[in-house]
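Participant: What follows is each chain in one-letter form.
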Amino acid sequence: MSGSSTGLALVVAAVAVESLAQLLLKVGATGGAACLASKYRARVARIASLGRPAPWITLGVGAYCLEVFLYTLALHHLDVSVAFPLGSLCFVGVALLSRVFLGEAVGRTRFAGVALIILGSAFLAW
Amino acid sequence: MASPNPRIPRTVIAGIALAVLLDTVIQITWKLAVAGIPDDASLGATVSGALSGPYFYVAMLAFGAQLINWMRVLARADLSYAQPFTALSYLTVLTLSSHTLHEHLSPARLCGVGMILAGVFLISRTSHRTPDVQRGTRA
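So the sequences go chain by chain: A and U. Numbering-wise (the numbering used here), the first sequence opens with residue 1 and increments by one. Numbering-wise (the numbering used here), the second sequence opens with residue 127 and increments by one.
The following block holds chain A by itself, in its conformation from the complex (with noise of 0.2 Å):
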């Protein structure tokens, strides 16, 4: 793999890492699978119940950590004007997560708001 290509796929399994970071603290949060979307919550219950509580915020934060790892790896492939706006799509790692997961209204505003959030970080970095 190239400089290039191991920086790019870098870069997108922090973006990963820290969308799901995100998730795990909000759930940590709000106390647990019961803000989940019911589909997963039942789910989540039943691993739940197999032992302790899920330390949520733990894993949270242990996922920033790998995120911050992650990302300073890419930096050292890729100049930074590439590796920000890409670091910025975890605003649509967050809000896919947030939809499918959390089950939150993520709509069209939300969305052209990311989006617009995404570009300008583009503009920011060029």
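Simulated from the structure, these hints should not be mistaken for lab results. All C-beta atoms, glycine included, are put in the ideal place defined by N, C-alpha and C. One should not assume that every hint holds.
Claimed, not checked - Cβ-to-Cβ under 7 Å is the rule here; a few derived chain U residues that face chain A: (1) Ser206; (2) Gln209; (3) Pro233; (4) Ala234; (5) Ile242; (6) Gly245; (7) Leu248; (8) Thr252; (9) Val259; (10) Gln260; (11) Arg261.
Unchecked claim - Simulated restraints, written as ranges between beta carbons of each label pair: (12) U:Pro135 - A:Val92: 23 to 29 Å; (13) A:Arg108 - U:Pro135: 22 to 28 Å; (14) U:His230 - A:Arg108: 34 to 40 Å.
For this one, chain A is given, so just place chain U on it according to the hints.
Facilitator: This is chain U only, laid out in the frame that chain A set:
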């Protein structure tokens, strides 16, 4: 377009504002912590270099405060509503770094600033919290 929601709790607004402030502190101090370290320094040298000054510890303190603050925000607002506001820290960091480095703000960058502000404005016009019934959590 969704109608504006005038009843966003003050705690959510204050929490988001604090999140942007703390994010700015984290990014600036993190940058300062590694500022003097040469690019070709080994991993060990980079880590010990970052740990030798005060900035790294300020960044860690701010990170801890941010975690507590962010959990409070997320307990009261949608994740997909609150998280995009953190893009405002791009603007505060840009403003601070261009001020200290005396960088010129190019037209492209000003366009970017405008777009981020417009994006955050659009999201602020949506409801800060999806009702439980709509989320299907009262199944």
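Participant: So which of those numbered hints doesn't the model satisfy?
Facilitator: 3 and 9
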